[in-house]
Amino acid sequence: MDKMNYKGQIGVTSHIEMGSLDGAMLPMHDLVDECLYSSEMDAQKTQPILSTQRLLFSGLRVGGYKMTRNGVYKSIKTVVFSNKLNLLMPFGPLAIMVHKMSASNSWVFFLSLLGITPLAERLGYATEQLAFYTGPTVGGLLNATFGNATELIISIYALKSGMTRVVQLSLLGSILSNMLLVLGCAFFCGGLVHYGKEQVFSKATAVVNSGLLLMAVMGLLFPAVLHYTHTERKVGKSELSLSRFSSCVMLLAYAAYLVFQLKSQNDNYVPVGEEGSHNGENDDDEDEVPEISKWESIIWLAIMTAWISILSDYLVDTIEGASEAWDVPIAFISVILLPIIGNAAEHASAIMFAMKDKLDISLGVAIGSSTQISMFGIPFCVVIGWAMGREMDLNFQLFETATLFITVIVVAFFLQEGTSNYFKGLMLILCYLIVSASFFVHEDPSAVGQSKIPKT
Amino acid sequence: MGERLQQQQSGRSMILAAVAGVALTAPLLGMMGFSFLATLTLLFISLPLLLLFSPLLLFVGLVFMVALAGFAIAATMAFAGVSALAWIYREIRDFRRFATKMDYKQQVGAQSHVEQMGSVEDRSMLDLDDECLDSPGTEVQKTQVPFSGQQLPFSDGFPIGGNKMIRNGVYGSIKTVVFSNKLNLLMPFGPLAILVHKLTTSNGWVFFLSLLGITPLAERLGYATEQLAFYTGPTVGGLLNATFGNATEMIISIYALKSGMTRVVQLSLLGSILSNMLLVLGCAFFCGGLAYHRKEQVFNKATAVVNSGLLLMAVMGLLFPAVLHYTHTERRAGKSELALSRFSSCIMLVAYAAYLFFQLRSQNDLYSPIDEEGSHHEEGSDNDEDEAPEITKWESVIWLTILTAWISILSDYLVDTIQGASEAWDLSIAFISVILLPIIGNAAEHASAIMFAMKDKLDISLGVAIGSSTQISMFGIPFCVVIGWMMGREMDLNFQLFETATLFITVIVVAFFLQEGTSNYFKGLMLILCYLIVAASFFAHEDPTTTDQSKQPKT
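Chains as they are written, first to last, in UniProt numbering: chain D, 1 to 456; chain C, 1 to 555.
Okay, chain D solo, but in the shape it has when bound (with noise of 0.2 angstroms):
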């Protein structure tokens, strides 16, 4: 749930008056209703409450003092047994040995599959306690970058592998389903609990976001367009080429975006942030406890990372088999079970917020990583694979291309005006099942020829 704030925060660490938090010595559910009440005072600053998140996950646990040497079976205990989530864990090997056993390839896609999420939460853990040793500036990039690293390493899987489709579209369904699914019931729980006044949110955020996916769109779009008026100068490469130069403009209007946001909070401008504001007071960091240090949670995000990508690595050779298996089209696959799952804990954390009332957290956790994906993890796929010499370009057929745009913009007016309730969010989620359905009945033209290249 941690790093649910991370994968859309910019400009990290956050500085809360945890201060509750020292030399508190209270059992484990005073502190937690402690820290729930007390961050309602700053409601206002919507600051993220990650000491808050973990303590809500953790069973066994650290009260207030700093673990900074830790065995190597403390470290163990406390990154891979504090979590609840991390149940499912045993479902990655478990999966690797159903590979090898049998031939059944949908169970080892969904073992897989069930093997990923708690190795994503685990990873915005560590990159969460990364940030505390390395400041606010690259801790924010850190943030922005691993935010959504599960997402990447399987793009890059299946950038290799050739199947670019499959990177397009679950990209693609990674945007709809944090705009659509993850809004709409962080709307509807947040609506239901709060249910006699409307939800406020800022207003300056949201608008910004809307524009920079817009701005995605726009980029997004133009090369459908050019492909289906049939009017490139070069058939075939002139929209790969405007393809990697829009990618590269895309990718640094986000560079400019991560500036801009850094910027503004250093001059306690705006609490303009994807999850939550950072004001000046920098000096609350003895206040948050890092559990781990430094190299510990280097040395774990080396881990975390080399299993995601080996799990991503059988999850993209057997999803053709699944979906042959199970009788769903590819596309369905991958737009909207991959990420359903995938995203499964920061859908968690999202409604989490919303019902405590901090609908700010909840945009930044949503919108957020929808804007981190279609404006920096769609470009980098494109620019990774002409590194890699995979034709892999913006343009997304106009099935997708249209629902992409008409999603944004019913988003954008939705975000318009600043409230929520729970209609607002039923709406959504709503516009998310025929999303799904038109997906279901949806037959891909290019995924159907689709051949897996030799990994090279």
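Read the hints as simulated data drawn from the structure, not as lab findings.
It is possible that some hints are incorrect.
[Claimed, not checked] Okay, derived cross-link-like pairs now, DSBU-like style, lysine-lysine, Cα gap no bigger than 30 angstroms in a straight line:
| id | chain 1 | residue 1 | chain 2 | residue 2 |
| --- | --- | --- | --- | --- |
| 1 | D | Lys234 | D | Lys160 |
| 2 | D | Lys203 | D | Lys294 |
| 3 | D | Lys424 | D | Lys356 |
| 4 | C | Lys295 | D | Lys203 |
| 5 | D | Lys234 | D | Lys263 |
| 6 | D | Lys100 | D | Lys203 |
| 7 | C | Lys258 | D | Lys263 |
| 8 | D | Lys160 | D | Lys100 |
| 9 | D | Lys263 | D | Lys424 |
| 10 | C | Lys301 | D | Lys263 |
| 11 | C | Lys295 | C | Lys198 |
| 12 | D | Lys197 | C | Lys295 |
| 13 | C | Lys301 | D | Lys203 |
| 14 | C | Lys258 | C | Lys335 |
| 15 | D | Lys74 | D | Lys294 |
| 16 | C | Lys175 | C | Lys335 |
| 17 | D | Lys263 | D | Lys77 |
| 18 | D | Lys424 | C | Lys393 |
Given the coordinates of chain D, work out where chain C should sit on it, guided by the hints.
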């Protein structure tokens, strides 16, 4: 405070000048270096040959001539590069010190009646300029256009002061109009274009030179319009500005229509809208945001929203003929969309007339400062004495005519040579019409919008950029359709799918960006990057209809 402002601006303008200079002169200097090296290499290679084959004196002579030509080219390029750098530096330095008057082209309801100009009579030139720059701080709300302050700066050296020059002789008139603007250095390029056209068949050069030649004429046309508006009162003045604001684009379009190049008309008008909405606005936001990066600049949301609404309506008018065509669902193929286009154009012209009417009425009622260009309060008519029209009424009419005639002549050459230039430079006609023509044609407006943004007068910049887009989309395009109707040309509103989709998404993105009413450098950067994407798309775009466009003999 003025000095600090100037220091800040000098710092930034130095950086801007340096960047612009480097960007422009680096290729020139690079070419110079290359030709120099090539010449040296040629000499070195040929030296042993010369010694071996010394009887071949002719060959030696040839080699020496080539070497000489190479050095001459290198020297010319170096000179051009250095002089361009110096010109740009001087130009930006002058822009910084003096306010320019280039926003007139977009102005609706001409006379801006600024109280600050009450102090015009007694000050000297330089003080006036600083005054004008600084005192707006007190009335930034009214966003009035500082008229006289803008006219005066360019007559440096010619003491105009605050007295009216009602009775200019012909010489005085020419001096005022022609020699008082540094941009007019580009004026000789016009006759040069005609000269080159007569002497050579190089279409590329004629196109480029006529393009350069039109730019100062366009700016002077705006100046003449503004002068005339002094004498005609606010209403007619507003109408004048609204009509002549984009006179250059309209004249080019009418000539293209006459030649039967309806596709060029559509593309150039579309490109004008796109460049105004994305590039000019983006640069204004970006430079303004950099200059004021501590705070967010605000602009009048109401104006922006009204203009966005009008743009969306124009897009709607353009969308339906295109959709009708591409779903192959018209009742009579070919004729239906033409009829629909003509009908929609009339509707759009009615809408534009109503918009002008609404603007002028609401200014008179002091309703809200909705305007394409600043706002005009009731004290307008009494402050006439404060502004100093520099040329008499008949002079402005005459100059208006002269400049229009010159622009027409150059437009003729422009339109004639566009196809040749496209082949010579290996760019599609679509790219030239959509990207190159508007950028160079709008250069003066571009500079003025940036300058106003850097002075924190974002409403005026917005008026220049978005107002111009609205004017072209709601008046320019329908007007061309109607003119084409009269001429018997089949110009319709079906801009083909790619262009229509581009316009649609651009208008939505820009309308969205303007919703908030604030601006910062990041938004400006995003708009500029969007324009880069659009330009790249048009670069990669092969327009199916322009490849077989035939030029009909002029009737």
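Evaluated hints:
| no. | hint | result |
| --- | --- | --- |
| 1 | Lys234(D) to Lys160(D) | holds (26 angstroms) |
| 2 | Lys203(D) to Lys294(D) | violated (36 angstroms) |
| 3 | Lys424(D) to Lys356(D) | holds (18 angstroms) |
| 4 | Lys295(C) to Lys203(D) | holds (18 angstroms) |
| 5 | Lys234(D) to Lys263(D) | violated (42 angstroms) |
| 6 | Lys100(D) to Lys203(D) | violated (52 angstroms) |
| 7 | Lys258(C) to Lys263(D) | violated (54 angstroms) |
| 8 | Lys160(D) to Lys100(D) | holds (22 angstroms) |
| 9 | Lys263(D) to Lys424(D) | violated (33 angstroms) |
| 10 | Lys301(C) to Lys263(D) | holds (26 angstroms) |
| 11 | Lys295(C) to Lys198(C) | violated (55 angstroms) |
| 12 | Lys197(D) to Lys295(C) | violated (33 angstroms) |
| 13 | Lys301(C) to Lys203(D) | holds (16 angstroms) |
| 14 | Lys258(C) to Lys335(C) | holds (21 angstroms) |
| 15 | Lys74(D) to Lys294(D) | holds (15 angstroms) |
| 16 | Lys175(C) to Lys335(C) | violated (53 angstroms) |
| 17 | Lys263(D) to Lys77(D) | violated (38 angstroms) |
| 18 | Lys424(D) to Lys393(C) | violated (61 angstroms) |
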